[in-house]
Amino acid sequence: MGLEVDIIFKIAGVGIVVAFLHTILDQVGKKEYAQWVTLFGFIYILFMVANIVDDLFQKIKSVFLFQG
Amino acid sequence: MMKIIGAIFIIVATTWTGFEASRHLSERPRQLRLLKSALQSLEAEIMYGHTPLHEAARRLSTQLAKPISWFFESFAKKLTESDTTVKDAWESSLKEIWKLTAFKQSEYEIMKQFGETLGRHDRLSQQKHILLTLSHLEREEMEARDRQSKYEKMVKSLGFLSGLLLIILLL
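Here the protein sequences come in this chain order: Y and Z. Residue numbers are given in full-length UniProt numbering: position 1 of the first sequence equals residue 1, and the series is strictly consecutive. Residue numbers are given in full-length UniProt numbering: position 29 of the second sequence equals residue 29, and the series is strictly consecutive.
A hint or two may mislead.
To be verified - Distance condition first, Cα-Cα at most 30 Å in a straight line; then the derived DSBU-like pairs of lysine-lysine:
{"id": "1", "chain 1": "Z", "residue 1": "Lys87", "chain 2": "Z", "residue 2": "Lys99"}
{"id": "2", "chain 1": "Z", "residue 1": "Lys99", "chain 2": "Z", "residue 2": "Lys112"}
{"id": "3", "chain 1": "Z", "residue 1": "Lys128", "chain 2": "Z", "residue 2": "Lys78"}
{"id": "4", "chain 1": "Z", "residue 1": "Lys87", "chain 2": "Y", "residue 2": "Lys10"}
{"id": "5", "chain 1": "Z", "residue 1": "Lys87", "chain 2": "Z", "residue 2": "Lys66"}
{"id": "6", "chain 1": "Y", "residue 1": "Lys61", "chain 2": "Y", "residue 2": "Lys30"}
{"id": "7", "chain 1": "Z", "residue 1": "Lys153", "chain 2": "Y", "residue 2": "Lys30"}
{"id": "8", "chain 1": "Z", "residue 1": "Lys104", "chain 2": "Y", "residue 2": "Lys30"}
{"id": "9", "chain 1": "Z", "residue 1": "Lys66", "chain 2": "Z", "residue 2": "Lys99"}
{"id": "10", "chain 1": "Z", "residue 1": "Lys128", "chain 2": "Z", "residue 2": "Lys112"}
{"id": "11", "chain 1": "Z", "residue 1": "Lys128", "chain 2": "Z", "residue 2": "Lys156"}
{"id": "12", "chain 1": "Z", "residue 1": "Lys112", "chain 2": "Z", "residue 2": "Lys36"}
{"id": "13", "chain 1": "Z", "residue 1": "Lys36", "chain 2": "Z", "residue 2": "Lys78"}
{"id": "14", "chain 1": "Z", "residue 1": "Lys87", "chain 2": "Z", "residue 2": "Lys112"}
{"id": "15", "chain 1": "Z", "residue 1": "Lys77", "chain 2": "Y", "residue 2": "Lys30"}
{"id": "16", "chain 1": "Z", "residue 1": "Lys77", "chain 2": "Z", "residue 2": "Lys95"}
{"id": "17", "chain 1": "Y", "residue 1": "Lys31", "chain 2": "Z", "residue 2": "Lys104"}
{"id": "18", "chain 1": "Z", "residue 1": "Lys3", "chain 2": "Z", "residue 2": "Lys36"}
{"id": "19", "chain 1": "Z", "residue 1": "Lys156", "chain 2": "Z", "residue 2": "Lys3"}
{"id": "20", "chain 1": "Y", "residue 1": "Lys10", "chain 2": "Z", "residue 2": "Lys3"}
{"id": "21", "chain 1": "Y", "residue 1": "Lys31", "chain 2": "Z", "residue 2": "Lys153"}
{"id": "22", "chain 1": "Y", "residue 1": "Lys31", "chain 2": "Z", "residue 2": "Lys77"}
{"id": "23", "chain 1": "Z", "residue 1": "Lys77", "chain 2": "Z", "residue 2": "Lys104"}
{"id": "24", "chain 1": "Z", "residue 1": "Lys95", "chain 2": "Z", "residue 2": "Lys78"}
{"id": "25", "chain 1": "Z", "residue 1": "Lys156", "chain 2": "Y", "residue 2": "Lys30"}
{"id": "26", "chain 1": "Z", "residue 1": "Lys3", "chain 2": "Z", "residue 2": "Lys87"}
{"id": "27", "chain 1": "Y", "residue 1": "Lys31", "chain 2": "Z", "residue 2": "Lys36"}
{"id": "28", "chain 1": "Y", "residue 1": "Lys30", "chain 2": "Z", "residue 2": "Lys150"}
{"id": "29", "chain 1": "Z", "residue 1": "Lys150", "chain 2": "Z", "residue 2": "Lys66"}
{"id": "30", "chain 1": "Z", "residue 1": "Lys87", "chain 2": "Z", "residue 2": "Lys128"}
{"id": "31", "chain 1": "Z", "residue 1": "Lys150", "chain 2": "Z", "residue 2": "Lys128"}
{"id": "32", "chain 1": "Z", "residue 1": "Lys77", "chain 2": "Z", "residue 2": "Lys128"}
{"id": "33", "chain 1": "Z", "residue 1": "Lys36", "chain 2": "Y", "residue 2": "Lys10"}
{"id": "34", "chain 1": "Z", "residue 1": "Lys156", "chain 2": "Z", "residue 2": "Lys77"}
{"id": "35", "chain 1": "Z", "residue 1": "Lys104", "chain 2": "Z", "residue 2": "Lys66"}
{"id": "36", "chain 1": "Z", "residue 1": "Lys36", "chain 2": "Z", "residue 2": "Lys66"}
These are computed hints drawn from the structure, not numbers from a lab. Only a predicted model underlies this, so the values are computations on that prediction, with no experimental measurement involved.
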């Protein structure tokens, strides 16, 4: 459980920093860079979440299908 | 413990990079202003003082602040010690000093063009060339100031925030 809390904080940190970067790049008129930064941050977090969800599915599988 | 030390190293490095870039941005208008005042004094020396070029360059090198004064110093030295043309001396001292300034390619071209006209005309057309160069530099300065006001803050916070992001990603 401790590990999951860690990951939540990490996601929150990435979100805050990416939001800041987006605002700053937006203010100086570099809209396209801002969008790229947000997109990459989103993809990174998506991969992290996908790993956790994969763990969850494995666990469900092992519980209900009696494998390993 | 090691992690924290590494994180501090990363944040210091990226923040420093950001500040260095912003210093470069704020340095360019300042040096352009210096260059403009240098050319104005050169015009005064030529028009009213009737000073020979190497003498004028030496005087300018003592009057002005650092990166530009080096340029005029080496120019004066080249004119007195070796027997090159003014154009060659101007260009080679321009090349020598260029890495130490915050100028860009466009200023280099302007100064090079000016060096080609230097010492080849009478005083009046020399004055006209100086005025032309001054107006070019004026335009560059406006552009540099524009960039400074636009990007200076951004570069600073971008350095810090990218360091923060890197730390979070590596944690």
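Hint check results:
Of the supplied pair hints, the one linking Lys87 (chain Z) and Lys99 (chain Z) holds, its CA atoms being roughly 20 Å apart against a limit of 30 Å. Proximity of Lys99 (chain Z) to Lys112 (chain Z) is assessed by CA-CA distance (about 15 Å); at most 30 Å being required, the pair is judged to hold. Taking the CA atoms of Lys128 (chain Z) and Lys78 (chain Z), the gap is about 25 Å. The hint holds against a cut of 30 Å. For a cut-off of 30 Å, the pair hint linking Lys87 (chain Z) to Lys10 (chain Y) is broken: about 61 Å separates their Cα positions.
For a cut-off of 30 Å, the pair hint linking Lys87 (chain Z) to Lys66 (chain Z) stands: about 23 Å separates their Cα positions. Taking the CA atoms of Lys61 (chain Y) and Lys30 (chain Y), the gap is about 46 Å. The hint is violated against a cut of 30 Å. Between Lys153 (chain Z) and Lys30 (chain Y) the alpha-carbon distance is near 14 Å, which keeps this suggested pair within the 30 Å criterion. Restraint check for Lys104 (chain Z) and Lys30 (chain Y): satisfied, since their Cα atoms lie roughly 22 Å apart, inside the 30 Å limit.
With a C-alpha separation of about 13 Å, the suggested pair Lys66 (chain Z) and Lys99 (chain Z) falls inside the 30 Å cut-off, and the hint holds. A threshold of 30 Å between alpha carbons decides the hint, and for Lys128 (chain Z) with Lys112 (chain Z) the separation of about 16 Å falls inside it, so the pair holds. For a cut-off of 30 Å, the pair hint linking Lys128 (chain Z) to Lys156 (chain Z) is broken: about 41 Å separates their Cα positions. Straight-line distance between C-alpha atoms of Lys112 (chain Z) and Lys36 (chain Z) comes to about 15 Å, which keeps the hinted pair within the 30 Å bound.
Proximity of Lys36 (chain Z) to Lys78 (chain Z) is assessed by CA-CA distance (about 22 Å); at most 30 Å being required, the pair is judged to hold. Only pairs whose Cα atoms come within 30 Å are accepted, and Lys87 (chain Z) paired with Lys112 (chain Z) is accepted, the gap being roughly 8 Å. Between Lys77 (chain Z) and Lys30 (chain Y), the direct Cα distance comes to roughly 46 Å. Violation of the 30 Å bound is thereby established for this hinted pair. Between Lys77 (chain Z) and Lys95 (chain Z) the CA atoms are separated by roughly 15 Å; this keeps the pair inside 30 Å, and the hint holds.
With a C-alpha separation of about 26 Å, the suggested pairing of Lys31 (chain Y) with Lys104 (chain Z) holds against the 30 Å cut-off. Pair hint Lys3 (chain Z) plus Lys36 (chain Z) does not hold up; C-alpha atoms about 50 Å apart against a cutoff of 30 Å. This hinted pair checks out: Lys156 (chain Z) and Lys3 (chain Z) have alpha carbons roughly 24 Å apart, not beyond 30 Å. A threshold of 30 Å between alpha carbons decides the hint, and for Lys10 (chain Y) with Lys3 (chain Z) the separation of about 15 Å falls inside it, so the pair holds.
Note on Lys31 (chain Y) and Lys153 (chain Z): the hinted pairing holds, with a Cα-Cα distance of about 16 Å set against a maximum of 30 Å. Our distance criterion of 30 Å between C-alpha atoms is broken by Lys31 (chain Y) and Lys77 (chain Z), whose separation comes to about 50 Å. At roughly 25 Å between alpha-carbon atoms, Lys77 (chain Z) and Lys104 (chain Z) fall within 30 Å of each other, so this suggested pair holds. Note on Lys95 (chain Z) and Lys78 (chain Z): the hinted pairing holds, with a Cα-Cα distance of about 13 Å set against a maximum of 30 Å.
Our distance criterion of 30 Å between C-alpha atoms is met by Lys156 (chain Z) and Lys30 (chain Y), whose separation comes to about 15 Å. A hinted pair counts as satisfied when its Cα atoms are at most 30 Å apart, and Lys3 (chain Z) with Lys87 (chain Z) does not qualify at roughly 57 Å. Between Lys31 (chain Y) and Lys36 (chain Z) the alpha-carbon distance is near 35 Å, which puts this suggested pair outside the 30 Å criterion. Between the alpha carbons of Lys30 (chain Y) and Lys150 (chain Z) the distance comes to roughly 11 Å, so the proposed pair stays at or under 30 Å and holds.
Distance hint between Lys150 (chain Z) and Lys66 (chain Z) is fulfilled; the C-alpha atoms sit about 26 Å from each other, no more than 30 Å. As the CA atoms of Lys87 (chain Z) and Lys128 (chain Z) are separated by approximately 18 Å, the hinted pair is consistent with the 30 Å bound. The hinted pair formed by Lys150 (chain Z) and Lys128 (chain Z) fails the criterion: a straight-line CA distance of about 33 Å is larger than 30 Å. Between Lys77 (chain Z) and Lys128 (chain Z) the CA atoms are separated by roughly 26 Å; this keeps the pair inside 30 Å, and the hint holds.
For the hint linking Lys36 (chain Z) to Lys10 (chain Y), the alpha-carbon distance of about 51 Å lies beyond 30 Å, and the restraint is violated. Taking the CA atoms of Lys156 (chain Z) and Lys77 (chain Z), the gap is about 40 Å. The hint is violated against a cut of 30 Å. Of the supplied pair hints, the one linking Lys104 (chain Z) and Lys66 (chain Z) holds, its CA atoms being roughly 18 Å apart against a limit of 30 Å. With a C-alpha separation of about 14 Å, the suggested pairing of Lys36 (chain Z) with Lys66 (chain Z) holds against the 30 Å cut-off.
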